[in-house]
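Enquirer: Residue strings, one per chain:
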Amino acid sequence: MLGQVFNLSLLQNTIRTATPLILAGLGGLLTMHAGMLNIGMEGMILLGAFFGVVGSYFFASSFMGVVLAVVVGIIIGVIYGFFVIELKSDEFIIGIAINIFAGGLTIFLLRSIFGVKGAFSSPGIVSLPRISIPLLDQIPVLNTIFNNHSVFVYISWVLVVLTYIFLYKTPYGMWIRAAGEYPEALETVGVRAKRMKYISSIACGVFCGFAGAHLSLGYLTLFTENMSANRGFIALAAIIFGASNPIKTFAAALLFGFFDALGIRLQVVGIPSQFTQMIPYLMTVVILFIVAKKHMMQKKKVQKEEGAIQ
Amino acid sequence: MKKVFNKKDMEYLISLFLSIVVALIIGGFIMMANGSSPFEGYRALIRGAFGSQYSLANTFGRTVPLILTGLAAAISFRSGIYNIGGEGQLYLGAFAAAYVGITFTSLPGPVGILLAIIAGAVVGGMYAFIPALLKVRYKIDEVITTIMLNTVAILLTDYLVNYPFAASQGKMGGTDMVEGSYRLTRLVPLSTFNTSIFMMSFIALTIYYIMQKTSAGYKFKMVGQNSSFANYGGIDAKKQMIIAMIISGGLCGIAGVFEVLGTHYRFLQNISPEYAFDGLLIALIVKSNPIGVVFMAIFFAALKTGSITMENTTSIPSELVLVIQSIIILFIAGEAGFKGMFKNFLMKRKLQQKVGEE
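If you read the protein sequences in the order shown, they are chains H and G.
In terms of the numbering used here, the first sequence has 172 at position 172, counting the first letter as 1, and numbering is strictly consecutive.
In terms of the numbering used here, the second sequence has 595 at position 285, counting the first letter as 1, and numbering is strictly consecutive.
Here chain G stands alone, though its shape is the one from the complex (with noise of 0.2 angstroms):
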């Protein structure tokens, strides 16, 4: 029988546990420092987020946009260029899909969402082109051109908003609603959480099985471990690059549809709490690990919906899990290099115990 982990992994999986832990001490220590007791605010945080079917369906619903932004960083990073600009081309996505919404409007139900689903992919993966390709051409940095992209998408699709599509009513930064028939299902009334669940599971398996099972997916991962060797090896490290880049961008956009259709039926300037940085995170805690992305993805959705429990019946501000998370990320960071440390420090009392037993 095949072992499930190895020694690695459970390695990996304590140190995790311990950055888990380690952050939330520290986040404890921040709410005594706002004169809160953590016992109650981490209560408070844990019924937000699943003390009610109302609460855990919002937990469920957040994380759709997170397993897909956290898939989309997890495949760049496999394939060795970092794709920081999810944030751009989920806007860009976003503004696609309510573009097919609102423009199209005689389809059957089905047609309109797959339409506005592929529309959002393909935009949010042509913006990731633009970067991949600078990349891979001209040795452009992708990490500072996808965030410069980043912003000149957000204020491209503020523009649109505002001016061309803006709303027929009212001044609100947002197209009209899309169709009704292209709206997808919620699942539990007055929460987010709608049908799109299923559809990014269909997409995440889908990535799953590329990544894990196919030549393909070994490709991205030659390509982000040792390009030259991958090269050697017969594999088009540039090609893979760009491919990885598009999917990802994709799976960004998509991302995008999914708030417009599934949540709030239009395109809104800020429509995004920043879900692609949040993905960027998970996708760099688990160590691009796809099922890791999965349960990362629940664990941030539970801190953020829970976190707005927190505020209102403490005083704490919603704010600190952000705290939390980047805390989480540095100690997962700096892993190897604890790890080593410590046993350095145990080397050292072993050989310090032999001298003294001689």
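Here chain H stands alone, though its shape is the one from the complex (with noise of 0.2 angstroms):
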């Protein structure tokens, strides 16, 4: 039994699962590097979903509905942005109303458009390209786990190099970390602090735009209410297990993937779904709960230490 779970397919399926927590992580960890907790990823990626589907269908090309999808998760970045930066509207409610406002329009539009209510699935749908990696295939096991996955898996891995170059080693990404940290120093040498949130905003509009295009067209392709369930949180929290590094917070995203993969194969050897569906979600509290249990803990041994000194 612990063969049907734990084997080459779980991993694979990890790879698939984490994709989408991995492409909202980096977007995420962008705005709040500026200083801002983007609650809103969740309607951005809901949104990204539902629009991917449309520009697949309607241009019958999975690139334009990539293209669609990001088009929107600039607009909704950008939103966001004028909200939290111009007006300095709570970042919390605004997110919340981007959720429930994607929640909202997708649902509308589903109808509207497709005429359809619960999910819309169609051949007409094009899914996104499935890339097969020229050596790859000569090596068994690699070859299971690494290949001939949707073209966002790569491009996320490669985003996370990017994302971390971009953050650590550019102009752009200090002035962004700056933004968020010594705003006012940033103006004195002639860098709109603003400027640098809007583009952090944006990008994760984009990232985000990316992950639902990725969960929508990736391998299935169809649209369901409330397709992203929950993975904009998710992200949030690998983004805070992975404390905003791009390296962190991907192999946080990749835990939180597998034991989505974890429950998906659980299912196999006829554990109720229920059980199986709420593994994401429970051990994303556990992991918060470890990982501030460690923090304190170390935080009390260095107290302890520094009282021994003096």
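Worth flagging that the hints you see were computed from the coordinates, not collected in a lab.
Every value quoted in this text rests on a predicted model; they were computed, and no experiment measured them.
Ideal Cβ placement from N, Cα and C applies to all residues, glycine included.
Be aware that a few hints might be false.
Claimed, not checked - Computed footprint of chain G on chain H, listed as stretches where at least three residues anywhere in the stretch have a Cβ under 8 angstroms from a Cβ of chain G: (1) 84 to 96; (2) 104 to 115; (3) 235 to 249; (4) 265 to 276; (5) 284 to 293.
Got two chains here, each in a separate frame; can you build the complex from them with the hints?
Expert: The following block contains the structure:
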């Protein structure tokens, strides 16, 4: 029975389920560095998933699906930025509003555009291309796990590296981090903190658009109501777990993706689906708890040592 | 005489009114884009919400869960802790009520009802206690944990009513019916309007009294506005946050109890059409004012019941109201910023005029 759960498919599924978390996580950590906790990622992913299907269906091209998802991501990124940066609204309220707006709008449009309730699937939706890496198919185990995934799996890995370089090796990355931590200092060197915040907010919209398109066009080609299934919040947990560092957030997203995949595998051996579906959500809380507890114990230890020296 | 509204309240009410009007106008444009007449759409919506005794009863029946979840959100927000987990607390509270209603069937009616309410409140409150403790002791963001726990609770009750507590007849994703004498009386035939509105009013008034008139309510407010200042003033902010969260969870649990005892007479999977999220929006729109919650709950309930008639008589999907609601909240959240921009604009005009005069 264990063999049915812990096998190569588990790792293969992990790669797949982690991808939207990686993409949204990268977007969210950019806004986090710029000093904004983006609760609205959930809605951004959902809109990306919906408009990915719209673009793919009406233009018969998965590329156009991604384009549409990204355009909508940019629009929501600008709206989020406008309210949080310009109007100085509560970022929590704006995030919640975006999530509810996305939930309502996608259900509404699902009915008014496609005339269906609940879910829309059609052979007319073109899925994103699968990538087969030439030499990898010679190596048995690695081939099963890493090869023939949807294109965004590989894009997300490249983006992890690019985001890392962007944040820590380019002036723009430094400015974005400064916009979050020392906006006044940034202004004195002539860089507008507002602009940096807008860039991060729009980038987050784009990344969440990718995540959404991967969800609806990556493997199964369909849109279902609330298909983002709180992945935006799990991505947020990955960012917190990864301390807003792209590499660590990537690792955290893989871990959360693993639990998601584990749930899928456990269903195969006959555990009620309610429990298997619960795993990623429950584990998110457990992992946040472990991280926080470890963090506190370290702090206490440091305090004790300092006390001993004195 | 004390003035009823100060200037700030007046400004807020004007912004609220404008936000609603603009959101409804945007909703009208969406109806037009959908190929329907906005006038017909809104006429159908109003008729569906207030047009007959039956529709009025349904509208007011729906305010019960909305006021409870709205107050629940308001209490947590006031104390500076965001309870987004109302939906999960509601589900568990509803299940607890159904459990009481199918297990302890020989109690006198009122006792059984009271027991169900207490069970729902306790279960909801305890479930809210988990994220509260994680927030206060370990500084874990409560927004993420409450959202995660929502899904966990909904899936858990889904399991319970499909396996151990599945109805004895038919596979319907629900429990058996609760004991007949525990069911709340319907006030208008065929509608879901029932006596829970009286119990809810009693609970809401008690909460209002606590929040507005007692030192406990003052403490909550202090903690929410400035927890370090509250600490300085001798208020234990952490304790207040935990208490607020438990009350909030308890209210959501009770909202679930009334859905079981008053509306469905059993626990059903998907028992709540996201009542707790509506409550959240309501509390955010009225800035956690308890009286505001009541009025906004009626407005939201009217939109929801009206939208069903709108969908049946025109071709406009009822989900349009979700879009309208989220636009209202967006404008309200931007209220201060918009006001600032507007005032800036007026100032500039004034200055320009002055320069022109000189």
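Enquirer: Against this structure, judge whether each hint is valid.
Expert: Now for the hints, and whether the structure bears them out:
{"no.": "1", "hint": "84 to 96", "verdict": "holds (count 9)"}
{"no.": "2", "hint": "104 to 115", "verdict": "holds (count 6)"}
{"no.": "3", "hint": "235 to 249", "verdict": "holds (count 3)"}
{"no.": "4", "hint": "265 to 276", "verdict": "holds (count 3)"}
{"no.": "5", "hint": "284 to 293", "verdict": "holds (count 6)"}
Checked against the numbered hints above, the structure breaks none of them.
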